[in-house]
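The whole structure should be built from the sequences, with the hints applied where relevant.
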Amino acid sequence: MNRKQFLKSMAYLPLIPYSMNLKDLNKMTSKMSNTSKMPVLFLGHGSPMNAIEENEFVLAFKKLGEELIRPNAILCISAHWETKGTFVTAMQNPPTIHDFGGFPQALFDVQYPAPGSPELAKETKKIITKTEVGLDDKWGLDHGAWSVIKHLYPNADIPIIQMSIDYSQPAKYHYELAKEISSLRQKGILIIGSGNMVHNLRMVAWKKLNEEYAFDWATEANEMMKSHILSGNHQKLIDFKSQGKAFDLAIPTPEHYLPLLYTLALKEENEKVTLFNDKSVGGSMSMTSLKIESN
Numbered sequence: 001m002n003r004k005q006f007l008k009s010m011a012y013l014p015l016i017p018y019s020m021n022l023k024d025l026n027k028m029t030s031k032m033s034n035t036s037k038m039p040v041l042f043l044g045h046g047s048p049m050n051a052i053e054e055n056e057f058v059l060a061f062k063k064l065g066e067e068l069i070r071p072n073a074i075l076c077i078s079a080h081w082e083t084k085g086t087f088v089t090a091m092q093n094p095p096t097i098h099d100f101g102g103f104p105q106a107l108f109d110v111q112y113p114a115p116g117s118p119e120l121a122k123e124t125k126k127i128i129t130k131t132e133v134g135l136d137d138k139w140g141l142d143h144g145a146w147s148v149i150k151h152l153y154p155n156a157d158i159p160i161i162q163m164s165i166d167y168s169q170p171a172k173y174h175y176e177l178a179k180e181i182s183s184l185r186q187k188g189i190l191i192i193g194s195g196n197m198v199h200n201l202r203m204v205a206w207k208k209l210n211e212e213y214a215f216d217w218a219t220e221a222n223e224m225m226k227s228h229i230l231s232g233n234h235q236k237l238i239d240f241k242s243q244g245k246a247f248d249l250a251i252p253t254p255e256h257y258l259p260l261l262y263t264l265a266l267k268e269e270n271e272k273v274t275l276f277n278d279k280s281v282g283g284s285m286s287m288t289s290l291k292i293e294s295n
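Under this note's numbering, read the sequence shown as residues 1 to 295, first letter to last.
What the hints contain is simulated information worked out from the structure, not anything from laboratory work.
Mimicking BS3-like on lysine-lysine, the simulated pairs with C-alpha atoms at most 30 Å apart in a straight line are: (1) Lys272 with Lys37; (2) Lys245 with Lys226; (3) Lys279 with Lys207; (4) Lys62 with Lys272.
In structure tokens:
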């Protein structure tokens, strides 16, 4: 549908019977090409308590939500959904998953009833050729997704799907897989990677979890990562297992790091990277986040 046809069809909207439902109207307008390319985000989600606290990281998420173009839907790659194979959530109403323990009841009481998008799930499955993508009806929204997205869109009115991380595959595989979903950016889809660049729970200084504090190796790793991100040296980040002891300590397991690679893989030439929430807490966890967008 070209612009002239669209404007003509809009002129007839008052004559459309009230029996025409929203889904039918969406089908009509979905034929339009999206003229603006959505940004891509990597969000350092940190402690689940960020879902209910009012701190500087949360305030930055809220500010970001106010600045972003409102998306048609969200695709989130969360550190907290690892599977053998790749899956996308395909239910109409994904449940809020409280996949943690030992936190106040107030955190378990949080619900984020955003709708799902079976249509986006099917589209994602269709455009990925690197592997067979499964449609999942059992997972939902884990805290890697809802604990940060709730600050971007507190009304829970943007459809969300999650894409799982195949734990059996190397970093290069995830980077290449992410490139296959780049066309979604032109369809109003906000793609979010949610994890932490530096994430070593075994070495957390728990008494300093609520203050800015980093071990020397955590600072070294974070600074090296940022240098590679800003210079566009993605190969070093893909080869994270060969970057020395600081990286080894920062990434003892890859699930929180890999969402960063999904985000970076979607960066196109001449797009800019903006860092925010660039602080560390608890000694061994960085909250560093980034936004990729066209100049």
